[in-house]
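Student: Single-letter residue listing:
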Amino acid sequence: MLSACVSSQIEEFRHDANERSIEAIQEFEAVVVLTRRTHTAQETEKSFTECVSRKLQSGKKPFRITKQAQFVDLMFPYFEPRLAPNNPYEMPALLAKPGVLDRINDIGVRYVIWIDGSTETLDQGGTMTCAFGAAGGGCLGITWREKESSYEASIWDLKRQQVAGTISADAKGTSYMPALVIPIPMIARTAKVACNGLANQIHSFLTEGG
Amino acid sequence: MKLKNLSALPLFRLGVLTLSAAFLAGCVNTVKVSGRFPAPVGEKVPLLVGLYFAPAFKNYTPVEVLYQRPKWKVDLGTASVQMFSQVFVNLTDQVVVLENKPSADAPVDNVDLIVVPSFVDFGLLDPSATPLDFFSLSFKYKVDVFSAEGSLIADWVINAYGKAPPYALKKTESVKEALMFALRDAAASLTIEFPRQPGVIRYISERSSSIVRAQNQLEANIE
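Read top to bottom, the protein sequences are chains A and B.
Per the working numbering, residue 2 is the first one in the first sequence, and the count goes up by one each step.
Per the working numbering, residue 2 is the first one in the second sequence, and the count goes up by one each step.
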């Protein structure tokens, strides 16, 4: 299987209401990557959040990652879709609830990374005809599919109780499948490119500080 | 008459369509789940709670009939009994499951409050029959809280909602996942809303006051 071309764009926005520098993550501090679960139609794919978690956990300076399911269970019911904080302004009220801050300190999570976005098919077309008989068979034609992966990571600092920054990743590409007897798929892995770009940027954001 | 000629007849086509629809409508997918509901953050509510599950609640198995689609039968009663039991074990000091419904004639000993849930509504949306890209499941509970003597002290409605993407050739898994999310949603609501009910707050406050009064009386007697 061949890969088709994917173009991507990563944007970073550092945020500190009091204009303090972002603190670099310490070895003992953990990170949790959460899917923004809503009751509306579109929802981030579980596989994408897992991909970002995996990337942050690997490499030269791997982060301590708390698994999403474990974190949501330990913080029950405050990170269920109905009750999860939607914006950083709700964070102080959440942390003030009995037992919440103690539980977060026990888990050791410093940064919560909310992932929002999805991969969508923008357009598709082409034709392909396949025929098989006693003497053999084959296909003729070409099909294509244009996809766009657009994701945003909002990094919340639980120690400072505010948003540390926002990173967005957009990847666009077209997959082709030409067929001259045998179909040859050339897949544009937009979600994988967006995941790698987002994870790398989150990693440098949290390790470099500044 | 040859099959080729037969298929051209409108009556034959209608017959095939009707048979297909009847065949599909005859299929029933049954969904059963067994979940785990975590302990909530924070302190337990200082109450000994009795849970009464009516037979209609325990055996509640709604069937969602979709036009020309297989039916969905969801074993919601068993899953809900499990959810209510686990939530109250995690939320309160002690829980007992009652065999009989509390009443003024037959008050229950050794419990503070009695919780009696019932179903109000159930709905399931199949993406093959809707414009949605996912399975969507929702239901409502009505929760009644009685005193040990059988008088109603609180009642409210809990909405539960869950959704899951359609997995290829595994539609039952999708409905199971949506059901588990909906039960977790209900568990979260129940955990938050039970201690906030005015009747429950009043009961705890009055009981605390009576304990303080009794302690003061005891100390006064000793002196």
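Everything labelled a hint here was simulated from the structure, so no lab data went into it.
Misleading hints may appear alongside valid ones.
Pairs of lysine-lysine residues, derived as PhoX-like cross-links and limited to a Cα-Cα distance of at most 25 Å, are as follows [said to hold, decoys possible]:
(1) A:Lys62 - A:Lys160
(2) B:Lys172 - A:Lys47
(3) B:Lys72 - A:Lys98
(4) A:Lys160 - A:Lys68
(5) B:Lys171 - B:Lys143
(6) B:Lys141 - B:Lys102
(7) A:Lys193 - A:Lys98
(8) A:Lys47 - B:Lys171
(9) A:Lys47 - B:Lys33
(10) B:Lys172 - B:Lys45
(11) A:Lys62 - A:Lys173
(12) B:Lys33 - B:Lys171
Student: Taken at face value, is the distance from the CA of lysine 98 (chain A) to the CA of lysine 193 (chain A) at most 25 Å?
Tutor: violated (38 Å)
Student: Would the pair lysine 172 (chain B) and lysine 45 (chain B) pass a check requiring their Cα atoms to be no farther apart than 25 Å?
Tutor: Outside the cut-off at roughly 38 Å; violated.
Student: With a cut-off of 25 Å on the C-alpha distance, tell me whether lysine 141 (chain B) and lysine 102 (chain B) pass.
Tutor: holds (21 Å)
Student: Would the pair lysine 172 (chain B) and lysine 47 (chain A) pass a check requiring their Cα atoms to be no farther apart than 25 Å?
Tutor: Distance of about 18 Å is within 25 Å: holds.
Student: Are lysine 171 (chain B) and lysine 143 (chain B) close enough, with their CA atoms no more than 25 Å apart?
Tutor: This hinted pair is violated, its Cα atoms lying about 32 Å apart.
Student: For the pair supplied as a hint, lysine 72 (chain B) and lysine 98 (chain A), confirm whether the alpha-carbon distance does not exceed 25 Å.
Tutor: Cα-Cα ~44 Å, so violated.
Student: Between lysine 62 (chain A) and lysine 160 (chain A), is the straight-line Cα distance small enough, at 25 Å or below?
Tutor: Holds: lysine 62 (chain A) and lysine 160 (chain A) sit about 22 Å apart, inside 25 Å.
Student: Is the Cα-Cα distance between lysine 47 (chain A) and lysine 33 (chain B) 25 Å or less?
Tutor: holds (23 Å)
Student: Would the pair lysine 33 (chain B) and lysine 171 (chain B) pass a check requiring their Cα atoms to be no farther apart than 25 Å?
Tutor: Since the Cα atoms of lysine 33 (chain B) and lysine 171 (chain B) sit roughly 14 Å apart, the hinted pair holds (cutoff 25 Å).
Student: With the threshold set at 25 Å, check whether the alpha-carbon distance from lysine 160 (chain A) to lysine 68 (chain A) stays at or below it.
Tutor: holds (19 Å)
Student: Can the restraint linking lysine 62 (chain A) and lysine 173 (chain A) be considered satisfied, given a maximum Cα separation of 25 Å?
Tutor: Roughly 29 Å separates the two Cα atoms, so the pair is violated.
Student: So if I understand the rule, the pair passes when the alpha-carbon distance is 25 Å or less; does lysine 47 (chain A) with lysine 171 (chain B) pass?
Tutor: holds (17 Å)
When the structure is compared with the earlier hints, violations turn up for hints 3, 5, 7, 10 and 11 and for no others.
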